[in-house]
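Colleague: Same order as they appear, the protein sequences are chains A and B.
The numbering of the first sequence is the working numbering, which starts it at 1 and goes up by one.
The numbering of the second sequence is the working numbering, which starts it at 114 and goes up by one.
The hints are simulated quantities; they were obtained by calculation from the structure and are not laboratory data.
Heads up, some of the hints might be wrong.
[What the hints assert, rightly or not] Now the stretches of chain B that chain A is said to cover, found in silico as 3 or more residues with beta-carbon under 8 angstroms:
1) 145-151
2) 170-184
3) 216-224
We put the CB at the ideal spot given by N, CA and C, even for glycine.
Here is what each chain is made of, one letter per residue.
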Amino acid sequence: GEEVAQTPKHLVRGEGQKAKLYCAPIKGHSYVFWYQQVLKNEFKFLISFQNENVFDETGMPKERFSAKCLPNSPCSLEIQATKLEDSAVYFCASSQKLNTEAFFGQGTRLTVV
Amino acid sequence: AQSVAQPEDQVNVAEGNPLTVKCTYSVSGNPYLFWYVQYPNRGLQFLLKYITGDNLVKGSYGFEAEFNKSQTSFHLKKPSALVSDSALYFCAVRERGNNRLAFGKGNQVVVIP
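Chain A extracted, bound-state conformation:
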């Protein structure tokens, strides 16, 4: 597709429940990125992929967060045992190369109650 598609738009989970977010990158883009936007507009890098391979996962809180980009499937970000502080908007982005601009999806707003 010509735009990054993220689903769902909104997700509400009780504390301790699992949350799974999906992202379909733009066709032909080799890199996928996940960012978390919290209060006061701060963006935090979580993880990046080069095709289906993890490229940089140093931003991920690994004890509860995991992500995948498998061939012929949307990429996914999963949070096990959600906490209140996981409430944020999660953005997925894709780019053709590392030195080109990243195009962002509309985001998934996760609310943990």
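With chain A fixed as given, assemble chain B onto it according to the hints.
Modeller: Same frame as chain A, now just chain B:
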């Protein structure tokens, strides 16, 4: 480490007047620089980028930005603001060799009719 500073929280400008949104950055080596705009409950839309070449770059919707290496700045400008330009603007930088973007905290632009 890479970082971006957007010193003003909010920029107010009258419709038809020039608009400037300030951005300074800090990187090791040469930067890739980007501006994005975010409308309420929407994702980030790419406006323009500086990778190499001319210091003045032109982007979408009549926006432009000037890369100034000596001042480590990349201010966003538009000669004549429209009410529809009211949104949140983010400056971002990526060091060459780094895959993640570092974002500024964003500037709320309010164009007054």
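Colleague: Now look at each hint and say whether the structure bears it out.
Modeller: Status of each hint after checking the structure:
Counting residues of the stretch 145-151 of chain B whose beta-carbon sits less than 8 angstroms from any beta-carbon of chain A gives 3, enough to reach three: the coverage restraint holds. Counting residues of the stretch 170-184 of chain B whose beta-carbon sits less than 8 angstroms from any beta-carbon of chain A gives 0, not enough to reach three: the coverage restraint is violated. As drawn, the stretch 216-224 of chain B meets chain A at 3 residues by the rule of a beta-carbon pair under 8 angstroms; at three or more, the given contact holds.
In terms of the numbered hints stated before, the structure departs from hint 2 and from no other.
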